[in-house]
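One line per chain: the protein sequences are F and P, in this order.
In terms of this note's numbering, the first sequence opens at residue 1 and continues consecutively.
In terms of this note's numbering, the second sequence opens at residue 1 and continues consecutively.
The reader is advised that the hints may include incorrect statements.
Any copy will do: because identical chains look the same in the list, a pair fits if it lies in one copy or spans two.
To be verified - Below 25 Å or equal to it, Euclidean Cα-Cα: the simulated SDA-like pairs (lysine to any residue) are:
hint, residue 1, residue 2
1, Lys316, Thr208
2, Lys361, Arg232
3, Lys361, Tyr310
4, Lys170, His238
Everything labelled a hint here was simulated from the structure, so no lab data went into it.
Each chain, letter by letter, is given below.
2 protein chains.
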Amino acid sequence: MLDPVLARIDADLPQAIQRLLALLRIPSISTDRIHAPDCEAAADWLVQDLTDMGFRAEKHPTTGRPMVVGTAGEGRRHLLFYGHYDVQPVDPLALWDRPPFLPEVQDTAEGKVIRGRGAADDKGQLMTFVEACRAWIAVHHKLPGRITMFFEGEEESGSPSLIPFMEAHKDLLRADLALICDTDLFDRDTPAVTTMLRGLLGEEVIITGPRMDLHSGMYGGAAMNPARVLARIISALHDENGRVTVPDFYDGVEELSPELRAQWDGLGFDQTSFLRDVGLSIPAGESGRGVLESIWARPTCEVNGLSSGYAGEGFKTVLPSKAMAKISFRLVGQQVPHRIREAFRAMVRSMVPPDCQVEFKEHGASPASVMATNDPAFEMARQALSDEWPRAAAFTGSGGSIPVAGYFKTILGMDSMLIGFGNDDDLIHSPNEKYDVRSFHKGMRSWARILAALA
Amino acid sequence: MLDPVLARIDADLPQAIQRLLALLRIPSISTDRIHAPDCEAAADWLVQDLTDMGFRAEKHPTTGRPMVVGTAGEGRRHLLFYGHYDVQPVDPLALWDRPPFLPEVQDTAEGKVIRGRGAADDKGQLMTFVEACRAWIAVHHKLPGRITMFFEGEEESGSPSLIPFMEAHKDLLRADLALICDTDLFDRDTPAVTTMLRGLLGEEVIITGPRMDLHSGMYGGAAMNPARVLARIISALHDENGRVTVPDFYDGVEELSPELRAQWDGLGFDQTSFLRDVGLSIPAGESGRGVLESIWARPTCEVNGLSSGYAGEGFKTVLPSKAMAKISFRLVGQQVPHRIREAFRAMVRSMVPPDCQVEFKEHGASPASVMATNDPAFEMARQALSDEWPRAAAFTGSGGSIPVAGYFKTILGMDSMLIGFGNDDDLIHSPNEKYDVRSFHKGMRSWARILAALA
Numbered sequence: 001m002l003d004p005v006l007a008r009i010d011a012d013l014p015q016a017i018q019r020l021l022a023l024l025r026i027p028s029i030s031t032d033r034i035h036a037p038d039c040e041a042a043a044d045w046l047v048q049d050l051t052d053m054g055f056r057a058e059k060h061p062t063t064g065r066p067m068v069v070g071t072a073g074e075g076r077r078h079l080l081f082y083g084h085y086d087v088q089p090v091d092p093l094a095l096w097d098r099p100p101f102l103p104e105v106q107d108t109a110e111g112k113v114i115r116g117r118g119a120a121d122d123k124g125q126l127m128t129f130v131e132a133c134r135a136w137i138a139v140h141h142k143l144p145g146r147i148t149m150f151f152e153g154e155e156e157s158g159s160p161s162l163i164p165f166m167e168a169h170k171d172l173l174r175a176d177l178a179l180i181c182d183t184d185l186f187d188r189d190t191p192a193v194t195t196m197l198r199g200l201l202g203e204e205v206i207i208t209g210p211r212m213d214l215h216s217g218m219y220g221g222a223a224m225n226p227a228r229v230l231a232r233i234i235s236a237l238h239d240e241n242g243r244v245t246v247p248d249f250y251d252g253v254e255e256l257s258p259e260l261r262a263q264w265d266g267l268g269f270d271q272t273s274f275l276r277d278v279g280l281s282i283p284a285g286e287s288g289r290g291v292l293e294s295i296w297a298r299p300t301c302e303v304n305g306l307s308s309g310y311a312g313e314g315f316k317t318v319l320p321s322k323a324m325a326k327i328s329f330r331l332v333g334q335q336v337p338h339r340i341r342e343a344f345r346a347m348v349r350s351m352v353p354p355d356c357q358v359e360f361k362e363h364g365a366s367p368a369s370v371m372a373t374n375d376p377a378f379e380m381a382r383q384a385l386s387d388e389w390p391r392a393a394a395f396t397g398s399g400g401s402i403p404v405a406g407y408f409k410t411i412l413g414m415d416s417m418l419i420g421f422g423n424d425d426d427l428i429h430s431p432n433e434k435y436d437v438r439s440f441h442k443g444m445r446s447w448a449r450i451l452a453a454l455a
Numbered sequence: 001m002l003d004p005v006l007a008r009i010d011a012d013l014p015q016a017i018q019r020l021l022a023l024l025r026i027p028s029i030s031t032d033r034i035h036a037p038d039c040e041a042a043a044d045w046l047v048q049d050l051t052d053m054g055f056r057a058e059k060h061p062t063t064g065r066p067m068v069v070g071t072a073g074e075g076r077r078h079l080l081f082y083g084h085y086d087v088q089p090v091d092p093l094a095l096w097d098r099p100p101f102l103p104e105v106q107d108t109a110e111g112k113v114i115r116g117r118g119a120a121d122d123k124g125q126l127m128t129f130v131e132a133c134r135a136w137i138a139v140h141h142k143l144p145g146r147i148t149m150f151f152e153g154e155e156e157s158g159s160p161s162l163i164p165f166m167e168a169h170k171d172l173l174r175a176d177l178a179l180i181c182d183t184d185l186f187d188r189d190t191p192a193v194t195t196m197l198r199g200l201l202g203e204e205v206i207i208t209g210p211r212m213d214l215h216s217g218m219y220g221g222a223a224m225n226p227a228r229v230l231a232r233i234i235s236a237l238h239d240e241n242g243r244v245t246v247p248d249f250y251d252g253v254e255e256l257s258p259e260l261r262a263q264w265d266g267l268g269f270d271q272t273s274f275l276r277d278v279g280l281s282i283p284a285g286e287s288g289r290g291v292l293e294s295i296w297a298r299p300t301c302e303v304n305g306l307s308s309g310y311a312g313e314g315f316k317t318v319l320p321s322k323a324m325a326k327i328s329f330r331l332v333g334q335q336v337p338h339r340i341r342e343a344f345r346a347m348v349r350s351m352v353p354p355d356c357q358v359e360f361k362e363h364g365a366s367p368a369s370v371m372a373t374n375d376p377a378f379e380m381a382r383q384a385l386s387d388e389w390p391r392a393a394a395f396t397g398s399g400g401s402i403p404v405a406g407y408f409k410t411i412l413g414m415d416s417m418l419i420g421f422g423n424d425d426d427l428i429h430s431p432n433e434k435y436d437v438r439s440f441h442k443g444m445r446s447w448a449r450i451l452a453a454l455a
């Protein structure tokens with residue numbers, strides 16, 4: 001079943017590239033209202049393409065840019081594929097080597113690339129899956145299973161319509177498993193299935209001392225300085241081993257399984273160069289844990305912002321009334337965001353002296369997403385990826401959050417399999433974005449293999 | 001000698017008020033170029049008034065507003081009197097009950113006041129001394145001693161010409177003692193001679209971790225967060241008793257003499273209401289030391305500003321590259337600013353982890369001014385003030401710095417006696433500024449007594 005599909009993908013590559021170039025020529029920037037008609041055009045293009053392939057496909061209006069949903073095929077396991085057709089703005093235009101919406105295939109020292117806005121994020125990635133389906137239909141006259149395509153047009157604008165649309169179209173979108181193609185390879189030769197996404201708890205702490213800014217000469221030594229109080233609180237949030245000191249913070253945090261640890265060790269991650277790229281040399285997480293484990297599988301507490309008193313040019317001898325910190329926690333495993341929020345706030349309150357007040361602001365609370373990798377589909381997908389690429393695939397984590405995966409879980413009850421073929425030099429969100437033809441080609445072949453295995 | 005002078009002051013009060021009103025009608029705002037001619041006019045008015053009294057007086061141009069210097073009299077002790085004829089801007093004009101430069105005498109529940117911009121700061125205060133001299137000359141046909149008047153026109157603009165002018169006119173300005181009238185009474189009934197001014201050392205600390213801002217999801221747990229480092233440094237600057245932990249910080253800090261402590265205890269300072277006025281209730285200085293001692297006679301370390309990462313509305317999951325604090329030390333006694341700077345920087349450097357860099361910026365370094373109160377002139381002035389006012393005068397401190405007193409010491413080698421008659425409800429720098437007629441009247445009488453004692 002699979003081999004003729006792979007052969008078809010190989011033979012059809014030039015036409016597949018032409019189709020991607022056609023989609024890339026549509027300047028579907030979602031953040032700029034002037035490009036709203038272009039977003040409509042991109043959605044129309046996708047609806048037409050899916051319809052031509054035999055999907056029942058429709059454009060769904062929202063208060064912003066439209067959603068595209070198409071369904072086809074029959075089978076035991078229903079798969080939902082997610083991608084987004086909107087792209088980032090192109091500023092600064094002067095830094096582009098060619099017009100961002102006149103894409104072309106270019107030869108480079110690292111091989112052929114498709115150059116243009118959206119090539120990697122996310123039109124090229126999205127089309128790897130569409131092309132895999134097209135090849136399957138061309139060879140077998142039907143899909144290997146039941147597939148729903150779901151394309152969003154507001155991902156680069158914070159997805160304002162995503163939750164309402166999911167809530168309103170649960171029956172249309174609910175499937176057994178979601179496939180999301182908006183991530184990178186682990187490295188050029190090593191594919192990955194992202195199965196752990198850290199959650200995020202954001203808090204803002206405002207300490208008030210005196211009720212107005214004071215003259216530090218007149219009051220210094222008499223009045224409580226809230227910046228000192230805040231500094232004491234922040235410095236108490238970690239112990240000398242880099243562990244977070246909020247009570248019961250590590251409840252629900254599990255150690256890596258030996259299998260997963262072995263997979264990660266096998267990735268040959270170079271933490272020295274990872275840190276060197278940002279000007280550092282020493283892992284700053286919990287003692288005794290490597291960088292990969294720290295960013296994929298361990299929770300953190302970070303200061304994201306500080307402000308107090310006068311911070312402009314020169315100097316003002318102000319004794320500030322207020323001091324503010326934005327603090328976030330990355331969460332893993334079964335950590336419960338609202339319990340950590342309460343424990344954090346109780347700890348802060350206990351450190352605020354009687355003469356100061358503390359105020360908190362919430363800035364989001366989402367738990368970690370941990371996919372049920374005991375579902376055999378995950379191991380099958382990993383095997384399928386390993387068959388295509390030079391090195392074996394791994395189940396990896398992601399330090400950041402990918403909100404759509406969380407929404408699939410909380411609104412539709414689905415786990416997500418995040419598989420993508422980007423490279424870290426793709427310049428997404430930057431001038432001269434590109435997608436390797438190799439990523440595009442092997443991406444299509446990867447999805448063909450995964451469809452054969454899963455559907 | 002003195003009594004007829006006091007009688008003359010009493011009799012001449014209505015005319016003295018008219019002269020002050022004339023000076024107040026000149027809108028000599030130094031911060032606004034459009035009022036430069038008004039500053040010239042105020043300087044000319046003073047030169048003319050001094051000349052009429054028999055001074056050899058001259059207007060000295062600078063690159064900004066002119067200085068006025070006048071000399072008269074003969075005597076063993078040469079006194080230099082300093083005041084400033086420039087005034088603060090008047091915005092917001094809508095909050096004034098009458099035009100700020102159409103001053104008048106008003107009856108209030110607390111007695112008669114002179115209402116108008118500059119009434120208290122500093123034209124009214126300046127004229128208390130001029131009028132005392134005028135009365136002396138009227139009665140005795142000469143001054144009781146040698147007096148140089150020195151009036152500045154840029155005090156409200158940071159005195160940019162003051163140091164160069166002093167450097168260039170040392171012989172003209174050097175005297176045995178400076179008298180400065182730009183401060184307040186301790187309270188309505190208690191005059192003060194300020195004899196201790198705290199010094200100031202300003203430092204800016206910038207900690208750099210990663211060489212650019214990072215995504216806190218991608219790097220949180222791997223990369224060193226400079227805001228955490230900065231918080232640890234700030235919280236280490238004080239021990240649990242509120243003492244500054246910079247090594248050798250207290251070198252040169254002396255305990256109050258029993259005499260001075262007795263004077264201060266006698267002031268009946270209400271630290272509860274002092275703190276309550278700014279929304280506080282607990283003295284925040286060193287354990288076991290009262291508020292007055294803490295702000296007048298003890299050194300401090302305060303955070304004046306903090307900045308790191310994203311501090312605007314909402315939230316950004318940034319792991320900051322840099323964290324900045326502006327930190328100042330108020331200095332007393334014989335503390336040596338540059339030694340404290342070095343000790344502070346060494347302490348900070350010792351707390352910066354190997355993966356971070358620290359950068360320092362200087363923001364001034366001035367030692368404390370401690371007047372040689374063993375010069376009998378100080379005790380004589382204190383006695384003279386005590387004779388005039390309901391309660392005995394005290395030698396007091398000032399938490400802030402009064403730069404001109406420092407320059408008199410460092411450039412001209414003179415101690416300063418800071419004596420003023422303002423009240424804390426005079427609304428200086430604010431709409432509806434006023435000066436009590438009682439302050440003006442008893443201020444003139446106070447100077448007459450001090451001149452009798454000193455000159």
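Results of checking the hints against the structure:
1. Proximity of Lys316 and Thr208 under a CA criterion of 25 Å is satisfied in both settings, with 19 Å inside one chain copy and 23 Å between copies.
2. Taking the closest pair of Cα atoms, Lys361 and Arg232 come within 25 Å of each other both inside a single copy (19 Å) and across two copies (23 Å).
3. Both within a single protomer and between protomers do Lys361 and Tyr310 lie at most 25 Å apart by alpha-carbon distance, with minima of 22 Å and 15 Å respectively.
4. Proximity of Lys170 to His238 under the C-alpha cut-off of 25 Å is found in neither arrangement, the shortest distances being 42 Å within a copy and 58 Å between copies.
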